[in-house]
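Protein sequence lines correspond, in order, to chains A and B. Residues 3 to 241 in the numbering used here are what the first sequence spells out, letter by letter. Residues 3 to 241 in the numbering used here are what the second sequence spells out, letter by letter.
Calculated from the structure, these hints are not laboratory results. In this text, a Cβ means the ideal position worked out from N, Cα and C, and glycines have one as well. Hints are supplied without guarantee of correctness; some may be wrong.
To be verified - Simulated restraints on C-beta separations: (1) A:Ser-146 with B:Gly-70: 43 to 51 angstroms; (2) A:Leu-213 with B:Gly-70: 20 to 28 angstroms; (3) A:Gly-177 with B:Glu-138: 30 to 38 angstroms; (4) B:Ser-53 with A:Leu-213: 26 to 34 angstroms; (5) A:Ser-192 with B:Arg-37: 41 to 49 angstroms; (6) B:Ser-53 with A:Gln-215: 21 to 29 angstroms; (7) B:Phe-63 with A:Asp-43: 43 to 51 angstroms; (8) B:Asp-194 with A:Ala-176: 42 to 50 angstroms; (9) B:Cys-91 with A:Pro-216: 16 to 24 angstroms; (10) A:Ala-175 with B:Asp-141: 23 to 31 angstroms; (11) B:Glu-76 with A:Phe-66: 31 to 39 angstroms; (12) B:Lys-71 with A:Arg-151: 50 to 58 angstroms.
What the hints assert, rightly or not - With a straight-line cut-off of 27 angstroms between C-alpha atoms, the simulated DSS-like cross-links for lysine-lysine are: (13) B:Lys-143 with A:Lys-58; (14) B:Lys-58 with A:Lys-129; (15) A:Lys-135 with B:Lys-135; (16) A:Lys-93 with A:Lys-58; (17) B:Lys-179 with B:Lys-143; (18) A:Lys-58 with A:Lys-71; (19) A:Lys-71 with A:Lys-93; (20) B:Lys-129 with A:Lys-135; (21) B:Lys-93 with B:Lys-179; (22) A:Lys-179 with A:Lys-150; (23) A:Lys-129 with A:Lys-90; (24) B:Lys-190 with B:Lys-150; (25) A:Lys-190 with B:Lys-179; (26) A:Lys-71 with A:Lys-129; (27) B:Lys-190 with B:Lys-71.
Below are the chains, spelled out letter by letter.
There are 2 protein chains.
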Amino acid sequence: MFKAMAMKVEKVSELTTNRLSLYLRCLEGLAEAGRLTISSDDLAREFHFNSAQIRKDLAYFGEFGVRGKGYEVETLRDNLRSILGLDKCHKVALIGAGNLGSALVDYYGFHQRNFHITAVFDSDPDKIGQRVKNIEISDMKNFSSVAKRDNIEVAVIAVPGTAAQSVLEIVSAAGIKAVMNFAPVPLKVSSDVKLNTVDLTTSLESLSYFLAQPPRTNGSETLLKSARAQGFTAVKNKR
Amino acid sequence: MFKAMAMKVEKVSELTTNRLSLYLRCLEGLAEAGRLTISSDDLAREFHFNSAQIRKDLAYFGEFGVRGKGYEVETLRDNLRSILGLDKCHKVALIGAGNLGSALVDYYGFHQRNFHITAVFDSDPDKIGQRVKNIEISDMKNFSSVAKRDNIEVAVIAVPGTAAQSVLEIVSAAGIKAVMNFAPVPLKVSSDVKLNTVDLTTSLESLSYFLAQPPRTNGSETLLKSARAQGFTAVKNKR
């Protein structure tokens, strides 16, 4: 029963692109270290992937490797960046100027991946007009007009759980198609919007549950190795 | 092929506890709103779950419902908190006092779930001895002794990807069994340590990939609804 559920939930393209992300990160490290070429076997061994999986994933997007020589590190890196759309700049609106939201404005990972937070919104009158870093906090009421004016493509939701669904609806109505949500609640979204939820609370609770159990040595090791070999990734993605 | 992989990767207990987390969050909201009882059907309808799944998940942990009346909201909430181990306080060490790490020290979700960051570590001599909020930054070299002295149970890794594996090894060697990792790289961990990775970069890249594709109307809607109905969660958990 649970197996069938996992099958229904996981989507093919998401698994593949998540692995491409991980390959990219490894190739960036290799390029920085001056490595010129790498075979799929070495890539698999050095970063705990499955080499057949690497060849299959990359073959899906074209012929990147050279027989007997492997992949050219910089060429493959650049191709993966382009496949993942990272060569284009995306303007991002942050909604919720609390602790977590303010931290995200500064988060290096956004800049590194060509995501630029250019607008911040809140509904708290005490916050509207203040600044987070250099960005003035706008009234959430004006989301649609500001998003259109600034060509916002991505929304990051960092509001309390109780407000998240209504914020998502405002964001969708404004035509935003890509949303990253940090509110730890299930959200309803129309099928043309891609919603990625990063649920820190659920992750904490699963650690807590683990710590509450007596230590056990069960049969999960095979599962673990399989997960690790796939470089399976961290965030639940819905489209 | 992909389906088989998803099956191998997902683990039964993780899926269940992740759903318990979501039920708990909904029940907390209901209790705050003064609701006394709720049936599994109403819980499913109001929060986009599957009612048969709710009954099955809860039955696994005992008999909580009253026939014809449903669940008592506060009782079920308290039982779920206890099942998830949230009635116990966990001391947490943060490793990496950069932007993200410093934000996490303040993150309300930790306190709310009884996770208390009581120690912060870094290896940068300029940072050691400084303070993040009220916590002095310790030298990572002293991790083991400080962790033992302070009864640390959980480690949060917020270091660059290149340092994450070696940090994880230090943490494991010090006897820490529960780790939350924000470094976006695949990590190797022994099977008695529970490692949850929160990979913001991969999530960003999947949004970027989505935005790079032409709009499509494909058959993913059924999958989407299924995922939503399960309240499937956000973080990849390994044990």
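For each hint, the structure was consulted:
1. Between Ser-146 of chain A and Gly-70 of chain B the beta carbon distance is about 47 angstroms. The supplied range of 43 to 51 angstroms therefore holds.
2. At roughly 37 angstroms, the beta-carbon separation of Leu-213 of chain A and Gly-70 of chain B lies outside the given 20 to 28 angstroms, and the hint is violated.
3. Taking the beta carbon of each, Gly-177 of chain A and Glu-138 of chain B are about 48 angstroms apart, not inside 30 to 38 angstroms as hinted.
4. About 30 angstroms separates the C-beta atoms of Ser-53 of chain B and Leu-213 of chain A, a value consistent with the hinted range of 26 to 34 angstroms.
5. Between Ser-192 of chain A and Arg-37 of chain B the beta carbons are some 28 angstroms apart, a value that contradicts the proposed interval 41 to 49 angstroms.
6. Taken as a hint, the range 21 to 29 angstroms holds for the pair Ser-53 of chain B and Gln-215 of chain A, whose Cβ atoms sit roughly 27 angstroms apart.
7. Restraint check, Phe-63 of chain B to Asp-43 of chain A: a C-beta distance of roughly 45 angstroms satisfies the suggested window 43 to 51 angstroms.
8. For the pair Asp-194 of chain B and Ala-176 of chain A, the beta carbons lie near 48 angstroms from each other, so the given range of 42 to 50 angstroms is met.
9. Cys-91 of chain B and Pro-216 of chain A have their C-beta atoms about 19 angstroms apart, which keeps the hinted 16 to 24 angstroms range intact.
10. Our hint of 23 to 31 angstroms for Ala-175 of chain A and Asp-141 of chain B is violated, since their Cβ atoms are close to 51 angstroms apart.
11. Hint check: Glu-76 of chain B to Phe-66 of chain A, Cβ distance near 58 angstroms, so the stated range 31 to 39 angstroms is violated.
12. Hint check: Lys-71 of chain B to Arg-151 of chain A, Cβ distance near 53 angstroms, so the stated range 50 to 58 angstroms holds.
13. For the hint pairing Lys-143 of chain B with Lys-58 of chain A, the CA-to-CA distance comes to about 42 angstroms; that exceeds 27 angstroms, so the pair is violated.
14. For the given pair, Lys-58 of chain B sits about 44 angstroms from Lys-129 of chain A by alpha-carbon distance, which is inconsistent with the 27 angstroms threshold.
15. Of the pairs offered as hints, the one joining Lys-135 of chain A and Lys-135 of chain B holds, with about 19 angstroms between alpha carbons and a cut-off of 27 angstroms not exceeded.
16. This hinted pair does not check out: Lys-93 of chain A and Lys-58 of chain A have alpha carbons roughly 33 angstroms apart, beyond 27 angstroms.
17. For a cut-off of 27 angstroms, the pair hint linking Lys-179 of chain B to Lys-143 of chain B stands: about 19 angstroms separates their Cα positions.
18. For the given pair, Lys-58 of chain A sits about 17 angstroms from Lys-71 of chain A by alpha-carbon distance, which is consistent with the 27 angstroms threshold.
19. Distance hint between Lys-71 of chain A and Lys-93 of chain A is unfulfilled; the C-alpha atoms sit about 39 angstroms from each other, more than 27 angstroms.
20. As the CA atoms of Lys-129 of chain B and Lys-135 of chain A are separated by approximately 22 angstroms, the hinted pair is consistent with the 27 angstroms bound.
21. Pair hint Lys-93 of chain B plus Lys-179 of chain B holds up; C-alpha atoms about 12 angstroms apart against a cutoff of 27 angstroms.
22. For the proposed pair Lys-179 of chain A and Lys-150 of chain A, the alpha carbon gap of about 13 angstroms is at most 27 angstroms, so the pair holds.
23. For a cut-off of 27 angstroms, the pair hint linking Lys-129 of chain A to Lys-90 of chain A is broken: about 31 angstroms separates their Cα positions.
24. Distance check on the hinted pair: Lys-190 of chain B and Lys-150 of chain B sit about 23 angstroms apart at the alpha-carbon level, within 27 angstroms; holds.
25. Between Lys-190 of chain A and Lys-179 of chain B, the direct Cα distance comes to roughly 35 angstroms. Violation of the 27 angstroms bound is thereby established for this hinted pair.
26. Between Lys-71 of chain A and Lys-129 of chain A the CA atoms are separated by roughly 57 angstroms; this puts the pair beyond 27 angstroms, and the hint is violated.
27. Proposed proximity of Lys-190 of chain B and Lys-71 of chain B is contradicted: the alpha carbons are some 48 angstroms apart, above 27 angstroms.
Checked against the numbered hints given earlier, this structure breaks hints 2, 3, 5, 10, 11, 13, 14, 16, 19, 23, 25, 26, 27; the rest are met.
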